[in-house]
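Visitor: Each chain, written out:
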Amino acid sequence: MLTRERKHRTLRIQGTFDAIWHRVALFVLLVLSAAFLLLSRSEAQFVTDVRDGATDFLAPGLALASEPLNWIESGVEQVGALASLYSENERLREENERLKEWQHVALGLEQKVARYQALLNLKPDPATAVVTGRVIAEAGGPFVYTLIVNAGGGDGVAVGQAAISGSGFVGRVVGAGDAASRILLIQDVNSRIPVVVEPSGARAILIGDSSGQPRLDYLASTATVNLGDRVVTAGDGGLLPPGLPVGVVAGEAGDWGVLPFAQSAHVDHVRILRYDFPRDVETPGSAAVATVPDAVGESLQ
Amino acid sequence: MTPLFGQFTRSLSLLTPLLAGLTLVIMSLLPLDLTGGWLIVPALPLMAIHYWGLVRPDLMPPLAVFFIGLSFDILSGGPVGLYAFVYLATYAVLLSQRRLILARLMHQPWVGFAITMGIACVIGWLAGSVVARQALSPAPFMVQCLVSVVVYPLIERVLHFLQLRIQRELG
Chain A
1 MLTRERKHRT LRIQGTFDAI WHRVALFVLL VLSAAFLLLS RSEAQFVTDV RDGATDFLAP
61 GLALASEPLN WIESGVEQVG ALASLYSENE RLREENERLK EWQHVALGLE QKVARYQALL
121 NLKPDPATAV VTGRVIAEAG GPFVYTLIVN AGGGDGVAVG QAAISGSGFV GRVVGAGDAA
181 SRILLIQDVN SRIPVVVEPS GARAILIGDS SGQPRLDYLA STATVNLGDR VVTAGDGGLL
241 PPGLPVGVVA GEAGDWGVLP FAQSAHVDHV RILRYDFPRD VETPGSAAVA TVPDAVGESL
301 Q
Chain B
1 MTPLFGQFTR SLSLLTPLLA GLTLVIMSLL PLDLTGGWLI VPALPLMAIH YWGLVRPDLM
61 PPLAVFFIGL SFDILSGGPV GLYAFVYLAT YAVLLSQRRL ILARLMHQPW VGFAITMGIA
121 CVIGWLAGSV VARQALSPAP FMVQCLVSVV VYPLIERVLH FLQLRIQREL G
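Line order of the protein sequences matches chains A and B.
Residue numbering for the first sequence follows this note's numbering, starting at 1 and increasing by one per position.
Residue numbering for the second sequence follows this note's numbering, starting at 1 and increasing by one per position.
Warning: the hint list may mix true and false statements.
To be verified - Covered by chain B, per the in silico footprint, the following chain A stretches (three or more residues, Cβ under 8 Å):
| id | region |
| --- | --- |
| 1 | 22-32 |
| 2 | 60-70 |
| 3 | 144-153 |
Derived by calculation from the structure, the hints in this document are not laboratory data.
Each residue gets a CB set at the ideal place from its N, CA and C atoms; glycine is no exception.
Chain A on its own, in the form it takes in the complex (with noise of 0.2 Å):
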């Protein structure tokens, strides 16, 4: 009887003090979350290298995972393909008789921008090396946009890098393993990119701010911008090449955000561009001239 009592009121103290335990814990870790999101500000190199590190790990294993996955969006893709083949037929028909217009002009305009640039003895655009993955990984969250493609150091790809898909721009890479890379979505609230509006040049930050339509900002009160304008990076900083396709104004005046020609959840692959941003500009006094990708190699005499 007095055992049973006495097992009864260990029992109680052990729940009592496992409760306790338990709040303490959970009181400090919450504190200690609360200690790394603040540190995450500083970006340090430790939480870099950790992340680079267990994205390369878990590489292999996020390809393996994600093939059948791609079957299987794929084979839904092909079934709802089929049901409007028809009419997808017919509109690509048109489509194609319109790009045909359109390739005359071009190679019109290639031939007389080609005799232009001979004119004025125009420096070329350094050529860009493309490195393409696939997508293995993709965090959508309301707070994170990011893709992790099975390419990285050992393919050449560097943070900075540009991404792009078949429709236009995607994202920069911002984290870079050997195997691995990790690719900063415009979507994402820490994604900001130097944009040019179309065809008025007017120059804004393109800001994420986790809805699917990043927002334009420090956007001159003076700059003509109207609904569906073209929007193509800037290159300012030297970091992405200058005129890769974004997307087109969306919104309203005050409030202009873009709506991405490169829709994320539905990039598979994505190529990286090995931009390499001449960096030997001459300083005042010298006599050479700065080799930035757009500038007059020569001046007219």
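Using the hints provided, position chain B relative to the given structure of chain A.
Guide: Here is chain B on its own, set in the frame of chain A:
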């Protein structure tokens, strides 16, 4: 069954909730478009936290929740500590209401998860907005909430199956 093998299966059973959570972290990174272009995946790890937090909180302690959140932060590329914080805070609320949920919503697990998901979305939106230093658009949070609630019954079946196996093993 040898004592060594028995010990191994027992340890595996004790670790199953954590392993299930980590598996769901990896699953949520796989590229599968479920939302028609929104690129928002259901909060799969939260499903494990909710389920085990209600059924066997002793097997899903705060440290396991922290580890699941931190793994997701590191692998997803988001701010380190954000998901760990959101999951822990949601877990704390869940534990405080555990008895109530078990008593009232025992036979409607779907509703219980919808409540947890709603709480996680509010905490996530607040924490995310503070970290980003701007009011984030609430739309992606709502989409994730909706997608997660729809997917939950499927994952719950798997977790329930695991729980029965654990119960058989641990007695």
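Visitor: Hints first: check each against the structure and report whether it holds.
Guide: Status of each hint after checking the structure:
| no. | hint | in the structure |
| --- | --- | --- |
| 1 | 22-32 | holds (count 6) |
| 2 | 60-70 | holds (count 6) |
| 3 | 144-153 | holds (count 5) |
Going down the numbered hints, you'll see the structure goes against none, and every one checks out.
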